Amino acid sequence: MQQFLNTALTGLTLGMVYAAFALALVLIWRSTRIVNFAQAPMAMTTTFVALVVIDAGFSYWLGFVAALLSGLVLGAVLERVVVRPVEGKAEINAVILTLGLFIVLHGLAAVVFGNRYRSFPAPFGLEGLSVGGTTIALNGFGIFTIVSVLLVMALLVALFRFTDVGLRMRASAFNQEVARLLGVKVGSMLTLGWALASLVGSLAGLLIAGGSLVHPSYMDSVVVFGFVAAVLGGLDSPLGAVVGGLVLGLSLSFVSGYVGSQLVALAALVILMLVLTLRPGGLFAQAPERRV
Amino acid sequence: MTELELSGITVRFGGLTALQDVGLAVGPHQVHGVIGPNGAGKTTLFNVACGFVQPDSGHVVRRGERVERLRPRDLPGLGMARTLQGLGLFDRMTVLDNVMVGADHHARSGFLGSLLALPRAGADERALRDRALRVLDDLGVASYADRFPPSLPYPIRKRVALARALVSEPDLLLLDEPASGLSAGEMDELGDLVRALTARMSVLLVEHHMDLVMRVCDEITVLDFGKVIAHGTPDEVRNDPAVLAAYLGEDVH
Numbered sequence: 001m002q003q004f005l006n007t008a009l010t011g012l013t014l015g016m017v018y019a020a021f022a023l024a025l026v027l028i029w030r031s032t033r034i035v036n037f038a039q040a041p042m043a044m045t046t047t048f049v050a051l052v053v054i055d056a057g058f059s060y061w062l063g064f065v066a067a068l069l070s071g072l073v074l075g076a077v078l079e080r081v082v083v084r085p086v087e088g089k090a091e092i093n094a095v096i097l098t099l100g101l102f103i104v105l106h107g108l109a110a111v112v113f114g115n116r117y118r119s120f121p122a123p124f125g126l127e128g129l130s131v132g133g134t135t136i137a138l139n140g141f142g143i144f145t146i147v148s149v150l151l152v153m154a155l156l157v158a159l160f161r162f163t164d165v166g167l168r169m170r171a172s173a174f175n176q177e178v179a180r181l182l183g184v185k186v187g188s189m190l191t192l193g194w195a196l197a198s199l200v201g202s203l204a205g206l207l208i209a210g211g212s213l214v215h216p217s218y219m220d221s222v223v224v225f226g227f228v229a230a231v232l233g234g235l236d237s238p239l240g241a242v243v244g245g246l247v248l249g250l251s252l253s254f255v256s257g258y259v260g261s262q263l264v265a266l267a268a269l270v271i272l273m274l275v276l277t278l279r280p281g282g283l284f285a286q287a288p289e290r291r292v
Numbered sequence: 001m002t003e004l005e006l007s008g009i010t011v012r013f014g015g016l017t018a019l020q021d022v023g024l025a026v027g028p029h030q031v032h033g034v035i036g037p038n039g040a041g042k043t044t045l046f047n048v049a050c051g052f053v054q055p056d057s058g059h060v061v062r063r064g065e066r067v068e069r070l071r072p073r074d075l076p077g078l079g080m081a082r083t084l085q086g087l088g089l090f091d092r093m094t095v096l097d098n099v100m101v102g103a104d105h106h107a108r109s110g111f112l113g114s115l116l117a118l119p120r121a122g123a124d125e126r127a128l129r130d131r132a133l134r135v136l137d138d139l140g141v142a143s144y145a146d147r148f149p150p151s152l153p154y155p156i157r158k159r160v161a162l163a164r165a166l167v168s169e170p171d172l173l174l175l176d177e178p179a180s181g182l183s184a185g186e187m188d189e190l191g192d193l194v195r196a197l198t199a200r201m202s203v204l205l206v207e208h209h210m211d212l213v214m215r216v217c218d219e220i221t222v223l224d225f226g227k228v229i230a231h232g233t234p235d236e237v238r239n240d241p242a243v244l245a246a247y248l249g250e251d252v253h
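Top line first, the protein sequences correspond to chains E and F.
Under the working numbering, the first sequence has 171 at position 171, and the numbering climbs by one with no breaks.
Under the working numbering, the second sequence has 23 at position 23, and the numbering climbs by one with no breaks.
So here's chain E without its partners, still in its complex pose (with noise of 0.2 Å):
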């Protein structure tokens, strides 16, 4: 019964973790129809700022401001800079181009941050909390990674639901030529929606870290997880990103808890496989938009 509930605890912080990578994914391919694979080293980026804040004496909440800031202006900047060009074209631009990004973001990690293994801070304790004395897999940190990708997912549900920026980049993700015609400036929801995106993975990325080793590389594995986890959701959907990161993380953690921890990247392949075969949409699919 404790291993099962310590599974399932650690499945669901992971899933948090995952869903908010996933959910970063989904916000680019709405607006864009890009697979942004350069999320990863996006993300790992910015936690190197964070860490460089860091190790230059300051408080662990400065460099996770400003992370989560510098992945705003990376989006943004990548977005205006990098990605406007192949907007619109055949989709292998895309594809190409973030595979690109991916490749220089790594190569510019490794020189100006060093190819090697740095430790990472953690904010609060990674000692498991003791419930009826008991110790269960959920620490401090644990709780605020689910804390912080709920209250993430809380203002970006309220940002589209409840503003009209909100509303503008909807449209602009539905169909820009009739949001132009009806005034919207779609360039800037774009940037926009890039920018909030790339903050939603830094934020994957520094609950990656936190209290772990990074290195150039240390988000790579991440981009898999995540990518299933929005395709488990159906690449459209926000909620359908949440709910796969979710069951991913737990499905993944009773793999590697019950199974073993070798089979785990395997067996998120096979679950990608599963979806793919029986609901190729995701679980989320909504209907094909009609064109009339």
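Please keep in mind that the hints were generated in silico from the structure rather than gathered at the bench.
Hints may be right or wrong, so weigh each one.
[What the hints assert, rightly or not] Residues from chain E shown here face chain F by an in silico Cβ test under 7 Å; the list is partial: (1) A171; (2) R180; (3) L181.
Quantities reported herein were computed from a predicted structural model and do not represent experimental measurements.
Cβ atoms here follow ideal geometry from the backbone N, Cα and C, with glycine treated the same way.
Take the given structure of chain E and dock chain F to it, following the hints.
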């Protein structure tokens, strides 16, 4: 002063000349119709008027001022709005949200204001919502405000699309085939609606249905093979030999 003037418009697509030296003028509180057989260039002319297509020569004049390189997103700022043949409603947004996207962008608070949900942004948000609801109500479809377009019958969706164009309070409305897919009764209602709109704005109309065009238009421009072949009041156009020849066999009356 004319609300909109298109003068000397020529558009070529590769070797094909879609429009050649086409001109028309829409006066204040007028309904101006553009008709012509299929492939005559009506839609291309419309696309020039809303900035989807840049003409190879000629220009768009709005209230006496030349508009250089008109872009679609400039329309609301110029007091213009356009509906689309395919309606172009956002399927996964409610009817109310659809209309709110079209609402006047001047009234909006900036980027940061809305992001931080400042009180002013909240007030703007309510103002936009009220205005969108009022326009839906004017068109008799306010009861569908919370529904999603794919779940609604086509005539209702057409009204929603029209509401979205009207919510920015344009004084020049471009209507692209507003009658397609409507029954005879619905078309009569549409005719009355378009006439009523002239109290507040001018209308440029592209339409296939001759009876509607003849009934609502003050002036008509007839295109054939990318050129203007006739222009005048419905009565003049109806009896023009060139028009009868172009529509050979079709019912112009």
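Hint check:
no., hint, verdict
1, A171, "4 Å, holds"
2, R180, "4 Å, holds"
3, L181, "5 Å, holds"
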